[in-house]
Amino acid sequence: MTRTSVGKGLGGSPKADGSSKADGSLKADGSPAGGFRQAMSWLHTWVGLTLGWVLFFIFLTGTVGYFDTEIDRWMQPELPQAQTGLNSTDTAQVLLDRLRVEAPGADRWFLTLPAGRHQPYPGIFWQGASTKAGASAASGELQVNGNTGEPFSARDTGGGQLLYQMHWRLHYLSRTQADIIVGFATMFMLVALITGIIIHKKIFRDLFTFRPGKGQRSWLDAHNVLSVVALPFHLMITYSGLIFMGFSYMPLIVAAHYGVDDEARQQFISEVFDPPGLVDSAREPAPLVPLGHLIAAAEDRWGENRVRSIDIRHPGDSNARIIFYENIERRVASGGERLIFDGVSGELLHQVPPATSAAKGARDLFVGLHEGLFAPPVLRWLFFFSGLLGSGMIATGLVLWAVKRRQRMEKKHSLPHLGLRLVEKLNVGTVVGLPIGIAAYFWANRLLPVASVGRADWEVHLMFLAWLMVLIHAACRPNHRAWVEQLAIAGLAFGLLPLLNLLTTDRGLWHSLVANDWVFVGFDLTVLIVGLMLGWTAWRVWQKRSLIDTGEISIKQGRSAQELPGGQS
Amino acid sequence: MVSMLSSLTEWVLGFGGMGSLCLSMKSHAMKSHARQIGNLNYRIWRPGQKWMGWSLLALSIAIVVSARGWGPGLVSFFGMLSAVTLLVIALITYRPRWLVPASLACVAVGPILTGFYVLF
Amino acid sequence: MGLTGRRLASLVAAALVGGYALATAVGIFLGGILPMSRGEAALVGNLLSFAVYAGAVIWTFVVRRPVKVWLGLMIPACTLVTGGLLLTGRAG
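Each protein sequence line maps, in turn, to chains A, B and C.
Mapping to this note's numbering: the first sequence position 437 is 437, numbers consecutive.
Mapping to this note's numbering: the second sequence position 105 is 105, numbers consecutive.
Mapping to this note's numbering: the third sequence position 63 is 63, numbers consecutive.
Just so you know, these hints were derived from the structure itself, not from any lab.
Being a predicted model, the structure only gives us computed values, none of them experimental.
Be aware that one or more of the hints could be misleading.
[Claimed, not checked] Lysine-lysine pairs mimicking DSSO-like chemistry, simulated, CA-CA at most 27 Å apart:
no.	chain 1	residue 1	chain 2	residue 2
1	A	K544	A	K411
2	A	K201	A	K360
3	A	K202	B	K50
4	A	K201	B	K50
5	A	K202	B	K26
6	A	K412	A	K544
7	B	K26	B	K50
8	A	K412	B	K26
Could you build all of it, start to finish, from the sequences and the hints given here?
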């Protein structure tokens, strides 16, 4: 393919080509000087490009996921403001009553208390209920109004959860397919980061260097800046992503020591992760202990309203166990302390520290860092912002690949080859197309009739249909026009969302401001700012054709290089 | 919980630190018209700015870790560092003359805020 | 010695498949020898295997010689798996 021909073109002079950090060339057989770095440069280019668009999707949807529950709430405008102030004991009783109605005979009852931003409303969840005894379903999940005890009724939507789940589930694919694709993409990302560090000779010296208006040079600067500025985040999020899904990606390690069947796997999970003291059902009925004094004991230990959830195993059985989970906002590592009570006598059986072993502690730390559930508002914004930098790093890398080859091609007065044209189309259709798709998801949430059947599914279908349309548009339009037009569409799609929200709900921006409803205010203002920035970018790109197409013109048009003394070493 | 003062101190010190480190480099210093640095002056300027930069960053870590603990503190520090570094880059690229006063202001205010934080 | 299509394909396969094999093998080995409970040791092996995988991919493209790369990945992989499983067998 083109790889070898590019390699031949530059193979003769490895040292003279010192400036080409991310060059797609591989010298045939490494000479000692420069061979290593060139090999790393080649690897960086190709692991970055091959799954680059998948990585962009993973990064951007994951970044949006840092505001998953906020988006959930915007997408269900029928729900009231968060119920986080409610008294734990009363709320638990309300939830327990609801579970007795919805899920009699269940094997497991789970009560979610409104403990903070990640759990704004009380909720229940059950498994193994008996429909014969009157359960509404064998297993299910409901958000419950803590004041009335009735389930909330709100429009059917995938919400922010679905948007965030996409970044590792890829929505339409099976779990196995998604695991394979996301696993390799993440591994490629890790290799791209390590090789990127190796080939970037002067990481600290170049850290502050950005030279705009110089075509390819500027794209390389931008790529370097976005990568290095948030390098700790990029490394953390990539490695923790691998660890998060580690048992799926590397199943044979556990299988070698436990066996390959599901039971063996369950054995491993319970050895490492389950709290001690859990037992099987005795199949002897016994009344469940009232939760009141157990909650009091837990709050004595953890502080008021710091019980996150209550997990009842085998309710109504003589072997019932009740697990209390501590809220998670105080530590980076995921998971807090757990208390395990006997579900009949109410006796405290075990106090389980957050990390039962150093190994689990290390995994919890990575998982906690990845999810950022502990993060208070400012830190949450920094996570979001770092995620955007990561998405920008991938996007600039992809554009750089294309800009570099187009420039080289124009020097030779040859026509762009198929690969280059494909990359250019995919770049615009993904880097701008995916945001347009996400905006379409929000538009669909407000415009699809609330009562229509399968509306939650159609929200997502419309997201991907919009993205598909954008990709087709990119394929049909000249490169530069495609960027301008799509950026303008994206700007409008995000910028007009607050207006759409005002027209279709009674929770417009002014109303939210007056009501101190910061989730709605935050959503409206964020999409407005995103829209304005996209629109501004569209205008800039429209003015300066050279930004996208080739570096040659802009170097002539740009200011003279002497203005930056030290720029070239 | 985490006081506004500790966060403000963390950010001011972080910006002062990264600004000083940026200005310790000759090309950036000249671009920002920090002064007409001759080779001799630069020999003093460069280590001075470097020491200043690293000390402020170290102080910033100390503040945020004492306010939030090691885990959340370090996470917060690196997030802050990304943001202020991008700000320094934006300034040195598009408003190079503003970087010297902005950085010096933070260098001056940072230790005062640190004093307040330690006292209260 | 140009990097022809077949040689490139062999290297890519070595990086992806051979690297995966070595990473899994190191994980299994650590799961067998680390002085902690079986579950924890397997977990540590799992956590570290990804670093091994990344290292193996990079090493493959530093060496760039298919035969050497394949042997260099698969021989240690087989040895480590055998060693790890033997040790587990003894312990169990």
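Here is what the structure says about each hint:
For a cut-off of 27 Å, the pair hint linking K544 of chain A to K411 of chain A stands: about 20 Å separates their Cα positions. A C-alpha spacing of about 37 Å is found between K201 of chain A and K360 of chain A, which places the hinted pair above 27 Å, so the restraint is violated. Distance check on the hinted pair: K202 of chain A and K50 of chain B sit about 17 Å apart at the alpha-carbon level, within 27 Å; holds. Between K201 of chain A and K50 of chain B, the direct Cα distance comes to roughly 20 Å. Compliance with the 27 Å bound is thereby established for this hinted pair.
For the suggested pair K202 of chain A and K26 of chain B, the alpha carbons sit about 15 Å apart, so the restraint of at most 27 Å is met. Distance hint between K412 of chain A and K544 of chain A is fulfilled; the C-alpha atoms sit about 23 Å from each other, no more than 27 Å. Pair hint K26 of chain B plus K50 of chain B holds up; C-alpha atoms about 12 Å apart against a cutoff of 27 Å. For a cut-off of 27 Å, the pair hint linking K412 of chain A to K26 of chain B is broken: about 38 Å separates their Cα positions.
When held up to the earlier numbered hints, the structure conflicts with 2 and 8 and fits the remainder.
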